[in-house]
Amino acid sequence: MIKNKLGVSGMIGYVLLIGIVMAIGTFMYVFLKSYVPADDLTCPDGAAISVLSYTCVENAAGTYDLNITLKNTGRFELIAYRIYATNGLDQEIATIDLSDNFVDGNVGAGIIPFPGISYGTDADPLLQSFEGITSKIYSIDITPSISINTEDNRKKTVVCGEARVREKITC
Amino acid sequence: MKRGNKNAISPVIATVLLIMMVVVIALIIFLWFRNISGEVITKEGSQNIKLSCQKVKIEASYSLGILYIKNAGDIPISGMKVKVSGPSGSNTEILPGFEGLNPGASDQYTFDSLDDSNELELMPILLGNSDEGQRNYVCEDDAQAVM
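Line by line, the protein sequences are chains A and B. Here this note's numbering is used: the first residue of the first sequence is 1, the next is one more, and so on. Here this note's numbering is used: the first residue of the second sequence is 1, the next is one more, and so on.
Bound conformation, chain B alone:
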């Protein structure tokens, strides 16, 4: 049987459908990519906090169960994570007693769960801004070895 009109839908409807599909696909890709890239936390205006992590300068030393830390940079440090690595594996924990270090400030902390075979790394925690308010960000990529 032969139909007179071979067009399934009118060009206008087809165009509207096409544009809608493109918009929906773009939205899906946007949300998917945003989920992959993670929530953006910023500091100092709209700068990504990962850049601030690279500017953090820490001076640290360890002696007789006491960890000495100085914030030698211009970025306030709101918290500190300590990664202890040894033959039996590694462990990461919040540094007990650390209440933040402003630029130029220094302090000492009792941390006696170490022996000579351990390696100690410090990971500063910075306070940044996100869509959901203030958030802490751990600078894991910019950890600093102490011993």
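Extracted from the complex, chain A is given alone in its bound form:
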């Protein structure tokens, strides 16, 4: 028969208990931390672009030239845009990238930057020209991008998918 019925002393018991709780807590923190959503860097409501007018003509080479007049009709400065076209009447999603046909300015990875640093809300309408489009187009989709500041004061470009505008085109 054992006279001392205590397994470990009270102090050791507390140390073990706290140690185990801390180990489990650390494990749960590390595991669940990745499931906490980070702050979304999304385009705010109020970004908008409009197509004021357009002309689309077939040139002598049998290709098409498109001129569009854009206006920033939102509340934020725009920095660039993507433009895609449909080449079929029943085509729902525009997939013909027109950035390769952009006449003036540098284009990178399908993104057409606005002249200067940005295109402000009070700026004049902007004429953009696209030449040598090989197939007849029926509509264009324009998706603007804006620049927003991150928490660590870095600039990040975000695409404003909700501000996309579609314009039917008759060439």
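It is worth saying that the hints were derived from the structure and are not from the lab. Keep in mind it's a predicted model, so treat the numbers as computed, not measured. Cβ atoms here follow ideal geometry from the backbone N, Cα and C, with glycine treated the same way.
If we take Cβ atoms under 7 Å as the criterion, some of the chain B residues that face chain A in the derived model are:
hint	residue
1	F30
2	Q47
3	S61
4	A72
5	D107
Using the hints, position chain B against chain A.
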């Protein structure tokens, strides 16, 4: 026969053994649970890539053997898996010719192995970070039906 000292080991040794056993058991449970939960792939800092999968927005349509896809969200898509389901079962394959879609971009792909009885689902593949470097993750739980 009666022993004078009834203690098998000293309390100090017992405590050290106890703590070691607890640590070893905790380590075993940790490794076991980590194996069950799978490798954690993160994106956008330390955010789990499964959360990024929920933010992916795809617009897609299918017509006459051509699959049209637009990335309408803010997450770059590095690959695409296509799940075709029909009366004879389902088949999942990498979409041929898909080379990634940046936010706002769109493209079209020839995919003519479908008929009217088929159902088509798109599963985007995202590029994330893990302990072993960059890894692709298939958003199977956030597949999007096209037809």
